[in-house]
Amino acid sequence: MSFTEQPVEAERQTMEVDIACVGFGPAMGGFLTTLTQAWSMFPGDPGFESKMVPGMPLQVHCYERADDLSAGVSGVVTSAKGIRASFPSLDPTQIPMATDLTKERVFYLLDPIGATRRSRTLRAADFSLRLCGKLFAKDEAFELPWTPAFLHKRGGLVFSIGQFNQWIASQLMASGLVQIWPGSPVSSPIFVDESAADKRAVVGVRLADQGVDSHGMPTESFMPGMDVRARLTVVGDGPVGQIGRALNQNENELNGRDWALGMKMVIELPEDSTLEPGTVWHTFGFPEPEIFGFMYVHPDRLVSVGIFVPSWLGDPARTAYRYLQHYIQHPLLWKYLKDGTLRSWGAKSLEESGRRGEPLLTGDGFARIGEGSGSTNMLTGSGVDEAWTTGVQLGEAVLELLRGGLSFTEENLTNSYEKRRRASWVERGARESEHARDGFHAGFVHGLVGMALAGLTGGRLSLKSGIRPESKQIRSSSTQTEEGATLKEIAMRASAEGRTFHDALLTARGWPEIPFDGRLLVTQQDALLIGGKVQAMPGFADHVRFLDTELCRSCFEKSCIAMCSGQAITQGADDAPAFEREKCVHCGACLWNCAHPPHAKSSNIEFLAGGGGLHSAEN
Amino acid sequence: MPDSFHIVVCAGMVPDPLQTLEPTGGSNGPGVKNEILLPAVLDPWAASALYEAASLAAKRPGSKVWLVSLSPKAKLQQLMMTVAQKASFELVPIDGPIGGFTDAHATAAALADAIAAIPGLDRTKLLLFGGWESASRGAGITLQIVGERLGIMDQFQGVDKIDVHDDGSFEVLERVEGGKHQVSVCAGAPAVLGWATGNLGEPRNNPQVGMANMRTILPALQKTKPVTLETNTLRYVSVSLPSQQRTTRVVKDLTADQIARELVEWIGAE
Numbered sequence: 001m002s003f004t005e006q007p008v009e010a011e012r013q014t015m016e017v018d019i020a021c022v023g024f025g026p027a028m029g030g031f032l033t034t035l036t037q038a039w040s041m042f043p044g045d046p047g048f049e050s051k052m053v054p055g056m057p058l059q060v061h062c063y064e065r066a067d068d069l070s071a072g073v074s075g076v077v078t079s080a081k082g083i084r085a086s087f088p089s090l091d092p093t094q095i096p097m098a099t100d101l102t103k104e105r106v107f108y109l110l111d112p113i114g115a116t117r118r119s120r121t122l123r124a125a126d127f128s129l130r131l132c133g134k135l136f137a138k139d140e141a142f143e144l145p146w147t148p149a150f151l152h153k154r155g156g157l158v159f160s161i162g163q164f165n166q167w168i169a170s171q172l173m174a175s176g177l178v179q180i181w182p183g184s185p186v187s188s189p190i191f192v193d194e195s196a197a198d199k200r201a202v203v204g205v206r207l208a209d210q211g212v213d214s215h216g217m218p219t220e221s222f223m224p225g226m227d228v229r230a231r232l233t234v235v236g237d238g239p240v241g242q243i244g245r246a247l248n249q250n251e252n253e254l255n256g257r258d259w260a261l262g263m264k265m266v267i268e269l270p271e272d273s274t275l276e277p278g279t280v281w282h283t284f285g286f287p288e289p290e291i292f293g294f295m296y297v298h299p300d301r302l303v304s305v306g307i308f309v310p311s312w313l314g315d316p317a318r319t320a321y322r323y324l325q326h327y328i329q330h331p332l333l334w335k336y337l338k339d340g341t342l343r344s345w346g347a348k349s350l351e352e353s354g355r356r357g358e359p360l361l362t363g364d365g366f367a368r369i370g371e372g373s374g375s376t377n378m379l380t381g382s383g384v385d386e387a388w389t390t391g392v393q394l395g396e397a398v399l400e401l402l403r404g405g406l407s408f409t410e411e412n413l414t415n416s417y418e419k420r421r422r423a424s425w426v427e428r429g430a431r432e433s434e435h436a437r438d439g440f441h442a443g444f445v446h447g448l449v450g451m452a453l454a455g456l457t458g459g460r461l462s463l464k465s466g467i468r469p470e471s472k473q474i475r476s477s478s479t480q481t482e483e484g485a486t487l488k489e490i491a492m493r494a495s496a497e498g499r500t501f502h503d504a505l506l507t508a509r510g511w512p513e514i515p516f517d518g519r520l521l522v523t524q525q526d527a528l529l530i531g532g533k534v535q536a537m538p539g540f541a542d543h544v545r546f547l548d549t550e551l552c553r554s555c556f557e558k559s560c561i562a563m564c565s566g567q568a569i570t571q572g573a574d575d576a577p578a579f580e581r582e583k584c585v586h587c588g589a590c591l592w593n594c595a596h597p598p599h600a601k602s603s604n605i606e607f608l609a610g611g612g613g614l615h616s617a618e619n
Numbered sequence: 620m621p622d623s624f625h626i627v628v629c630a631g632m633v634p635d636p637l638q639t640l641e642p643t644g645g646s647n648g649p650g651v652k653n654e655i656l657l658p659a660v661l662d663p664w665a666a667s668a669l670y671e672a673a674s675l676a677a678k679r680p681g682s683k684v685w686l687v688s689l690s691p692k693a694k695l696q697q698l699m700m701t702v703a704q705k706a707s708f709e710l711v712p713i714d715g716p717i718g719g720f721t722d723a724h725a726t727a728a729a730l731a732d733a734i735a736a737i738p739g740l741d742r743t744k745l746l747l748f749g750g751w752e753s754a755s756r757g758a759g760i761t762l763q764i765v766g767e768r769l770g771i772m773d774q775f776q777g778v779d780k781i782d783v784h785d786d787g788s789f790e791v792l793e794r795v796e797g798g799k800h801q802v803s804v805c806a807g808a809p810a811v812l813g814w815a816t817g818n819l820g821e822p823r824n825n826p827q828v829g830m831a832n833m834r835t836i837l838p839a840l841q842k843t844k845p846v847t848l849e850t851n852t853l854r855y856v857s858v859s860l861p862s863q864q865r866t867t868r869v870v871k872d873l874t875a876d877q878i879a880r881e882l883v884e885w886i887g888a889e
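Protein chains in written order, with the numbering used here: chain W, 1 to 619; chain P, 620 to 889.
Hints were generated in silico from the structure; no laboratory data involved. Where is the CB? At the ideal position from N, CA and C, for every residue including glycine. Mixed in with the good hints, there may be bad ones.
[As the list claims (entries may be wrong)] Quick list of in silico lysine-lysine cross-link-like pairs, BS3-like style, CA-CA up to 27 angstroms:
#: 1; chain 1: P; residue 1: K705; chain 2: P; residue 2: K799
#: 2; chain 1: W; residue 1: K338; chain 2: W; residue 2: K103
#: 3; chain 1: P; residue 1: K652; chain 2: P; residue 2: K683
#: 4; chain 1: P; residue 1: K780; chain 2: P; residue 2: K652
#: 5; chain 1: W; residue 1: K51; chain 2: P; residue 2: K844
#: 6; chain 1: W; residue 1: K338; chain 2: P; residue 2: K652
[Stated by the list, open to error] Derived list of chain P stretches under chain W, where covered just means 3 residues or more per stretch with a C-beta under 8 angstroms from a C-beta of chain W:
#: 7; region: 635-646
#: 8; region: 654-668
#: 9; region: 780-793
[Unchecked claim] In silico negatives: residues of chain P with every beta carbon more than 10 angstroms from chain W:
#: 10; residue: A754
#: 11; residue: N825
#: 12; residue: P826
Just chain P, same shape as in the assembly:
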């Protein structure tokens, strides 16, 4: 069993959820208005996977982390200025369309091809990380398909924790129905782990890490070639945003106890 891992993190970008997002329709299918100029963040589920990967790699000397992302090149570079400050990795960019309305099979095919072509990647050490869902428009199946295309049979979804044993096997905490976790033990790499939130906080921006990462990220971005994804295999009937659950009520002269009681009642009713 390997002492070190080759961890590949699949992570797309999504529009910053704090911004005002408006769905639009067009000849090329649904989209988000002005998405190319909206600030973007790394998909939060996948970001958890990246931080977990960086943490695991730091604990297992000789391990290496790659970040594979399918996004427009220019947008990806802008995003990397922030993400690259948080963890050490090598970027494998795929210059593709923005937005999550592409067919999961086509996306997975592009990701799997890019991963298979990573020089020096040892598949016996491979842990394929990613978000178990996309925070924006994922079908929830992309990572599984990537794993299948790479021939990886051991797959875990909704992962919150991984404990690696000395022999290279690891214990996985997976979210299951009813707010519970399922504990599994895997004999070792290769495996697919679709992360939920994990247990690590977001690392703070470290310019030193960022500058070091950019030395490899910039050349990789310059060399990346655009891919075209199959678009006519999927048809969306309608697209909408979840409605905002926010109620503003202005009250005066309520005591702290009354406010607390009301909050408890409201939480209980939800």
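Next up, chain W with everything else stripped away, as it sits in the complex:
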């Protein structure tokens, strides 16, 4: 690396590296592992000499927004095909919270409360199941006697993404070949030509400014973010990452995608628990028919329990945390969890369009990997192994280009990385699942049938449906409707009573209050502190901004508030939303939960680069 000396402290510095990586998750883990494994084997290979800093080894830097490399979120059940290919002698016992998958079960959950938004068809089905009594339904749940192969991950693993990332990072660090910088949010790509309409040529990234106030204005300790110029920029910053979104060619190009907010708890089970490590439960039907849930049992009496609240829920009342609390109290789960203790908590946005939402994978000087590149298989509900594998594929491609002395042009990256990807099992799965979930936009039962069709025919058949923009998936009623008036009234009452809008929404819908026990059933603020251990580094600007606050004032859905994972967005005194950076977990759900985007925008919310967020290593 080389530095451009700067006489004035506040001037922006520039550094040159060979490969700049953005985001450290499974995809980047796969990329850097592939690169360092080959590099360690052939350290003298001239391909590993730096072209940016002659005489030095290849300079590979990775920048991660979170303040620790283990701050990723997800309980994972995965077939681990790609991960095992990278580590043929993988021993799960070496990774805390990891174990072999032993048993998978699928349950349809009945509504023991009577508050869910069930259709008449579902209510009739529930009535029939209850009528048949214990023969079919036990603990208010019906176990599917048979599940199709596409829902199984036989031979797979259960693990925590936080612990897995830490395990990978420790090996990468031990190699001494790459540098991974936590606490380093990246604010923008550097384009060859900033004024060009077609931004397909990237020459590096700019790190976020520090020493600024909440509006981004410099303070006396202002430190402009460094420009990192690179031959190749690897983008693996996830579905709501600043760089990935900035590289989208047109804001509306990818509008109309499916999303879900995944929220989970890690719970320590009571000592007499009988749940076996490696047990996996998938559920649907409760707390709303459209909300899928899971329970993964880790070693040492730990479980990950969570739900996915989709963008196509069709209801602006979408308080994920409250829904999660009702979910864990469902009789099927509660009998195992009730004396448990909250160990960790977290949430993230999941890009659920899969290949349908695939952006441009390569350009001159950049390549995308992982979830943000549309690699998730929405039929099998699998993303981590696919993300890892796209990283491996790019790693192999980069090795090929380095050894061949070829530059990282769009053409070369397409012929090496994209070609590998298109020929792989990741692509086959992505194609099979491309329209598997479209049917959910026409209703829950329609969606289930569509998934089954796609799964059983290898994607040849599915129930396609028009995918509306995210803003229209929330609800399309106007302020004149009864729904609008009700929501407005709830918002006003919540404000007057000094309680959160998030909670008030579900209480008004008939959901019972949560019987807090201070151990497992805790307030959302406690979940942030004792579960997510949320941190916000000082000196960064607010990374969530509202473009047109007048639009926000006239919005009655207020779904950005309802869905905010950390209650970081609340209703301000002037009826516009207010943002508290210190509570934000960077899930990015606010981005796709705006019902009234300005003209030619997909959201009225700007989601910028920022540091901090979740700090728990057990997520």
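Fit chain P to the known structure of chain W by using the hints.
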């Protein structure tokens, strides 16, 4: 008296206190469950010492800071990606076991040997900094023993402030019993200063400083050799974590005044 100082900071790593820590026992003695894969931070007491060292060095041109750390090499490298962004220093790594259950004498011996071997270190300018305690499992004596092994007689513990005079002497504010400070004046280096919290805030991450530091840190880490510490000199009878002092109570309809009054009463009762 020297115008500049050679400041050596001894700093170990400890598990991030925000994570869930579970003590475990094993054939090799007590430990923390999965410690090698837990996120680690620089011991907060020693981190204060590092920030004070960097601040002092910046005020005394010609001064230099070394960070001496006994930790597993791979773990240390990961930690350095954060710590190196906060202050300028040269790393002297000692590849040793993680955890603070080793004998303080063995640890001090390894640290003193490494310090004595630092090329170019001028002992007449030496200020030995460190935490006065370890935030995790320190015996509270390691730094003193390192000082003794290096033959440094002037030692101060629980330091919150140091004011260096023009003649190289300095005034030290030390914590003593009863929540008070003791003021001492030392004629000058060499001296040992075991820091409490100091008065400086944690510097923000500065990638420029970090990248510059890593140019020397990475080669140092590659060259470091493992040390073996004597383990059979010490026996632990039991190990436990302090219990969490946290009570959640859900109340409704309390006014701000009532909440404030209750808080004042609670603080008064503690």
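Quickly compare the C-alpha distance for K652 of chain P and K683 of chain P to 27 angstroms and report which way the hint goes. Measuring from Cα to Cα gives roughly 37 angstroms; hence the hint is violated.
Minimum C-beta separation from A754 of chain P to chain W exceeding 10 angstroms: can you confirm that? holds, 17 angstroms
Are three or more residues of the region 654-668 of chain P within 8 angstroms, CB to CB, of chain W? holds (count 4)
Are K338 of chain W and K652 of chain P close enough, with their CA atoms no more than 27 angstroms apart? Holds. K338 of chain W to K652 of chain P sits at ~25 angstroms (cutoff 27 angstroms).
Quickly compare the C-alpha distance for K338 of chain W and K103 of chain W to 27 angstroms and report which way the hint goes. At roughly 22 angstroms apart (the allowed maximum being 27 angstroms), K103 of chain W and K338 of chain W satisfy the hint.
Is the Cα-Cα distance between K51 of chain W and K844 of chain P 27 angstroms or less? Outside the cut-off at roughly 31 angstroms; violated.
Checking one constraint from the list: CA of K705 of chain P to CA of K799 of chain P, max 27 angstroms. Satisfied? Violated - the C-alpha atoms of K799 of chain P and K705 of chain P are around 30 angstroms apart, more than 27 angstroms.
Distance restraint between K780 of chain P and K652 of chain P, which requires alpha-carbon spacing of 27 angstroms or less: violated, 36 angstroms
Was N825 of chain P rightly flagged as not at the interface, with every chain W Cβ beyond 10 angstroms? The claim breaks: N825 of chain P does not keep its Cβ more than 10 angstroms from every Cβ of chain W (closest is about 6 angstroms).
Minimum C-beta separation from P826 of chain P to chain W exceeding 10 angstroms: can you confirm that? Non-interface label fails for P826 of chain P: nearest chain W Cβ at 5 angstroms, not farther than 10 angstroms.
Are 3 or more residues of the region 635-646 of chain P near chain W, judged by a Cβ distance of less than 8 angstroms? holds (count 4)
Has the region 780-793 of chain P got at least three residues whose CB is nearer than 8 angstroms to a CB belonging to chain W? Violated: only 0 residues of the region 780-793 of chain P have a Cβ under 8 angstroms from chain W.
In summary, the structure is inconsistent with hints 1, 3, 4, 5, 9, 11, 12 from the numbered list given earlier, while agreeing with the others.
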